Each structure stands twice: as C-alpha cells, then as structure tokens.
Amino acid sequence: MSLEFLVASAIAVLTAGGVYLSLRGRTFQVVLGMTMLSYAVNLFLFAIGRLVVDRPPLFAKGVTDHADPLPQALVLTAIVITFGMTALVVILSLRSFLESGSDQVDGIADPSDETADDTAAPPSGAVPSGPTAEREARQ
Amino acid sequence: MTALDHLVIAPVVIPAVVAPLALLAMRRRRRVGVAISMAGCVAMLVAALWLFGIAQDDAIRAYPLGNWPAPFGIVLVLDRLSAMMLVLAAVLALVVMIHAIVTAVDRKGWHFHPMFHFQLLGLNGAFLTGDLFNLFVFFEVLLIASYGLMLHGQGSARLKAGVAYVIVNIVGSALFLIALGLLYGLTGTLNMADLARRVAALGSQDQGLVRLAGLLLLTVFALKAAVVPLHLWLPRTYAATAPVVAALFAIMTKVGVYAMIRTVPLIFGDAAGAAAWVPAPWLLPAAVLTAIVGFAGVLAARAMREQAAFAILGSTGTLLLAVSSWTQATTAASLFYLAHATLAGAALFLVADATLRRRGQYGDATVPSPRFAGQDVLGLLFMAATIAAVGLPPLSGFVGKLFILQTTFAAPAWVVVWATILGTTLVGVIGFARSGSTLFWKTAAADADAIACTERSRVELAMPAALIAVLGLLTLGGGWATAQAQATATQIFAPQRYIAAVLGEEAR
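Chains as they are written, first to last, in the working numbering: chain A, 1 to 139; chain B, 140 to 647.
Any given hint might turn out to be false.
Far from chain A, some chain B residues (derived; all Cβ distances over 12 Å) [stated by the list, open to error]:
| # | residue |
| --- | --- |
| 1 | H145 |
| 2 | L162 |
| 3 | G294 |
| 4 | R297 |
| 5 | G320 |
| 6 | L531 |
| 7 | T614 |
Interface residues of chain A toward chain B, partial, derived using beta-carbon atoms under 10 Å [to be verified]:
| # | residue |
| --- | --- |
| 8 | V31 |
| 9 | V41 |
| 10 | N42 |
| 11 | F44 |
| 12 | I48 |
| 13 | V52 |
| 14 | A67 |
| 15 | D68 |
| 16 | T82 |
| 17 | T86 |
Calculated directly from the structure, the hints in this document are not laboratory data.
All values derive from a computational prediction rather than experimental measurement.
Beta carbons are placed, not taken as given, at the ideal position from N, Cα and C, and that holds for glycine.
Given these sequences and hints, build the entire structure.
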C-alpha cells in the first residue's frame with residue numbers, strides 16, 4: 001500500500017464525513033463536519049506539493065531534491081483561518097441557541113424536540129422556543 | 140521606485156491603519172474615533188480616484204510586495220478594472236459610512252467602525268491582488284469583517300441568519316482552497332499571470348483536472364455572487380442585517396462577479412486549450428435563473444428589505460447574462476451595469492432604512508400604515524431607487540440594460556437573454572409598483588394603531604438622495620462611462636499585456 005493511497009483515502013474519508021455532517025440540521029454536527037472538511041482540505045493542500053519523504057524543505061548542502069515548501073506555508077495560513085472561523089461558528093451557534101432556544105441551523109425547532117429531547121430545551125429563563133420567537137419577530 | 144508608485148498599495152494600507160486607530164480612539168473619545176473613521180473613508184476615495192486617474196494611461200502596473208520578483212512574491216496589479224472597482228467601493232463606503240453615522244447605527248455596538256474598515260481592506264485587497272491565494276486571504280478578511288458587521292446590533296433573527304451565512308461561506312472557502320490546491324498541483328504557481336501562461340502550456344493528460352479546477356473556482360465565485368442555485372443565503376442574510384450594512388454588502392456579490400471577470404478571460408481564455416471558457420456553458424442558464432428568481436422575489440417580497448435583497452439577486456442575474464457571453468463588447472456592458480447595480484442596490488437599502496425608522500412598529504413590512512413623517516419625500520426617493528433598480532429611464536439602469544441588450548444581440552443565445560431581461564424588468568416594475576403604492580399611497584384604516592415614533596431628522600434622507608444623484612450623474616456621463624467600460628474591457632481581453640506587465644517583458 002503506497003503512501004499516496006493512504007493519504008488520498010484519508011482525505012476521501014474526511015471529506016465524505018465532513019460533507020455528510022455539514023448537511024445535518026444541528027449546529028454541533030455542522031461544526032464538526034466543517035472541522036473535518038477543513039482537515040481534509042489541509043491534508044489535500046499539503047499533498048499538492050507531491051508526497052516526498054526525507055527531503056529538506058528549502059536548502060541543504062549537497063542535496064538536489066527538495067520538498068515543496070509553498071504548500072506548507074499555504075496550509076499554515078489555511079489552518080489559522082479555519083481555526084479562527086471554527087471558534088467564531090461555535091460562539092455564534094451558542095449565542096443562537098441561547099437566544100432562540102433551538103440548535104437547528106435554520107433556528108426553527110424540530111417539533112419532535114419539544115417532547116422527546118430534553119437537551120434541546122433552552123436553559124431556564126431563556127427566550128421562548130424558535131417558532132414562537134420567529135412569530136414575534138414577524139409581528 | 141518613487142513615492143507615487145507606492146500609491147498602488149494605499150487602498151489596502153489606509154483601512155489597515157484606520158481600523159485599529161479608530162478602535163483605540165473609540166475607547167477614550169467616541170467622536171475622535173468616528174472622525175478618524177470618516178477621514179479614512181475620504182482618504183480612500185481620494186486614493187481611489189487618484190489611482191483611477193493613473194490607470195487612464197492604459198498601462199498595467201504591477202506592485203511587487205516586499206520587492207520579491209513576480210512569480211515568487213505576491214503582486215498587486217493596478218489596471219483599469221481594479222481602479223474602477225476601487226472607486227466604486229470607495230464611493231459606496233463613504234455614502235454608507237455617513238448614513239450610518241447620521242442614523243446612529245454605529246452606536247449600537249462598539250466595533251462598527253473597525254469592522255467597516257477591515258471589510259474595506261478585504262474588498263480593496265481583492266480588487267488589487269494579482270495572486271489567487273492572496274485573493275483567498277482577502278476574501279477571508281472581508282468575510283470575517285462581514286460576519287461582525289452582519290451581526291452588528293444583534294437580535295435573534297440576525298443571529299439565526301448569521302449562523303447560516305457563516306456556515307455557507309466557510310464551506311465556500313473550503314471549496315476555494317481545493318480549487319487552489321488543484322491549480323497549484325498542476326502548474327506549480329498561484330500568480331494569476333503565471334497561471335495563465337502555464338495553463339496554456341499544460342499537456343493533454345492534465346486537461347480534465349484543469350477544467351475541474353476552473354469549474355470549482357467558478358463555483359466559489361458564483362457562491363459569493365449568489366448565483367442560483369447557490370443564492371439561498373443571500374435574501375435571508377440581507378433582510379435580517381441592519382439595512383446600512385446590507386447597503387455596503389451590495390458590493391459583496393459584485394466581488395464574486397469581479398473575480399469571474401478577472402480570472403476567466405485571463406486564465407481560462409482563448410489560450411487555455413481544452414480548458415478555454417470552461418464556465419461559459421454553465422453560466423448562462425444560471426444567470427437566467429438568477430434573474431428570474433430575483434425579480435420573482437421582488438414581486439413576492441413582504442417587506443422592503445427582503446425586496447431590496449431580491450432586487451440585488453436579480454441585478455446579479457442581469458449582470459451575469461451579459462458576462463456569460465464572454466466577448467469584449469458584452470463585458471463592457473456588464474462593467475457599466477455592475478457599477479450601476481451596486482449603487483442602485485445600496486440606494487434601495489438606504490431608502491428602506493429611512494422608511495422603517497419613520498414607520499415605528501410597522502417597520503418595513505409591506506402593509507398600509509398611518510401617515511408618517513417625510514412620507515412624500517420618501518415616496519419619491521423610493522420611486523427613484525426602484526426606477527434605477529429595474530432599469531427604467533431616466534436613471535442609469537436603463538442605459539445599462541440597453542447597453543446589455545445591444546451587445547448581446549450578436550450572441551447566439553440572444554433570444555434567451557432578451558426574453559429574460561425584458562420579462563424580468565416587467566415583473567420587477569409590477570413588484571415595486573405594488574409595494575410602493577401599498578407603502579406610500581395607501582393609508583391604514585382609521586382605527587389602526589398610531590405610529591409610536593418621534594420626529595426624525597431630515598438629514599437621514601440626504602444619503603439615499605445622494606446615491607440617486609450619483610446614479611443620475613452616471614446617466615448624464617453615460618457616454619464617458621461607456622467609453623471607460625469599453626477601454627476596460629479591451630484591457631481585460633488582452634491578457635498577454637497583463638502577463639507581460641506582471642512577469643516582465645521576457646514573458647512575451
């Protein structure tokens with residue numbers, strides 16, 4: 001099994017999981033999905049400089065073959081940006097959950113939540129559940 | 140390199156300096172912070188106009204950051220297209236900034252001014268950069284600032300729309316990175332000029348991948364431009380955010396269109412072999428759908444802000460109808476319409492803002508209300524803004540649409556383009572006439588609740604009027620503006636000049 005196959009299948013599995021989770025309805029799963037997606041993208045960016053083992057990144061005496069340093073710089077930039085973004089989305093979904101009482105991405109509570117799932121209920125003293133809040137906002 | 144050559148980077152440096160300064164001054168004295176922020180907007184407009192003047196000599200100027208030579212370092216490129224976009228962004232920013240200060244929207248949170256300038260930093264950088272990865276970085280800068288601005292003032296509806304907006308854009312960024320990765324893996328460069336050269340020289344075994352990369356890149360730009368079927372984030376976001384912020388966001392969708400106009404003729408132009416004009420077959424149907432969905436939304440909208448958001452969607456569709464032909468003449472028409480559509484969309488949002496402030500609890504919902512202060516003036520402003528948005532004479536939308544119709548006549552699919560533009564214009568006129576008469580002509584029944592709203596300053600009406608005046612100027616100076624657009628299109632469709640300017644003469 002070659003290195004390329006391993007990396008490629010890792011990227012594929014991460015992307016598949018990321019896309020699946022990103023399409024889910026609840027913010028927590030979406031955040032997880034986006035994290036997986038960004039891992040996949042970072043690995044992909046890392047691999048575009050071709051996978052070589054045991055090569056100096058920029059310069060070493062007497063070595064003619066080098067690893068490509070640019071993708072690594074790109075990955076660093078991408079990691080920093082996605083890290084900040086993930087933090088922002090987590091805070092934003094928390095605020096949205098506390099204000100609307102629903103952790104659905106569209107802010108509209110799933111009717112089955114109200115009876116079956118206690119974890120989706122707002123903390124005591126918080127604003128009423130999604131549909132009510134929305135109705136109020138429209139009026 | 141003289142001091143004047145460094146002016147190219149001014150539109151990026153000014154907001155980068157002004158934003159933290161405004162933040163610092165704000166902590167001590169609010170007025171000083173606001174003054175710095177205003178001065179920054181004015182300085183940016185001056186710099187943009189100056190650069191616009193410089194770009195008039197038809198030369199393309201490359202500015203290597205840190206003086207690293209082109210394919211290795213990042214370059215900023217000033218040509219007619221970027222100069223035009225800079226001026227457009229600076230004019231819009233100044234108007235929106237004054238309106239935000241006059242209506243005290245900037246006092247609803249601490250960070251309006253810094254966020255505003257970081258947003259401009261991202262916009263200006265995206266217009267100037269000559270490097271695809273750098274374009275990604277500036278996109279992120281403008282998006283991060285836009286998240287803050289979008290949530291400015293807060294509120295539950297805004298937060299809910301904000302979550303969706305942020306998630307959509309993060310997924311878009313992931314796609315952007317994948318497209319960049321593919322292009323780098325194939326060509327070993329991300330400099331746009333170098334990419335153009337290397338894509339043209341690619342062997343036949345890589346043609347499939349390069350087509351894929353081109354389409355992915357265009358998908359990302361289409362997401363930013365809110366092209367159907369990637370438009371669903373726009374109406375909710377723009378209708379939920381503060382109208383002033385939405386007015387600034389009017390240029391955000393146009394950044395997507397700008398990126399298409401910038402990259403496609405350059406990288407995927409005639410020279411690109413099998414990858415030449417990859418997005419062309421996809422863009423036309425998408426543009427038709429965008430225009431139809433946009434103006435149908437104008438007809439169906441239940442509130443002014445929602446209607447303005449759909450009008451922006453429709454104008455993007457109309458714009459892309461011209462862009463999707465990818466000829467020099469249609470691109471010139473689309474550039475004129477791009478400038479017009481940005482200002483017209485912003486004008487709609489500013490009028491909506493002034494109206495909903497005066498209607499108290501009735502807000503911007505399209506229902507009759509008792510008489511409110513400034514109803515007559517606002518009605519006239521709304522009429523002017525809608526005339527501009529749907530493209531009736533005498534404002535510049537008419538000139539722009541006429542220009543598009545005239546230039547697309549030579550295109551093979553002209554019947555589709557004409558039918559869409561004329562049909563959607565009619566639908567738009569009906570939609571705006573309906574909401575305008577409900578809002579400004581009908582009065583509510585006598586027993587309706589009185590408006591709980593104090594008298595508001597007339598100064599609030601100045602900026603919507605100013606934007607409409609700019610649109611009037613664009614009509615009066617239509618000949619000049621058209622000539623500008625044509626010169627810009629000529630430059631865009633001579634990519635070898637761009638490549639020579641960035642990579643040096645030996646690249647010829």
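Handout entry: Violated hints - listed by number, lowest first
Key = Structure breaks hints 3, 4, 5, 13 and 14.
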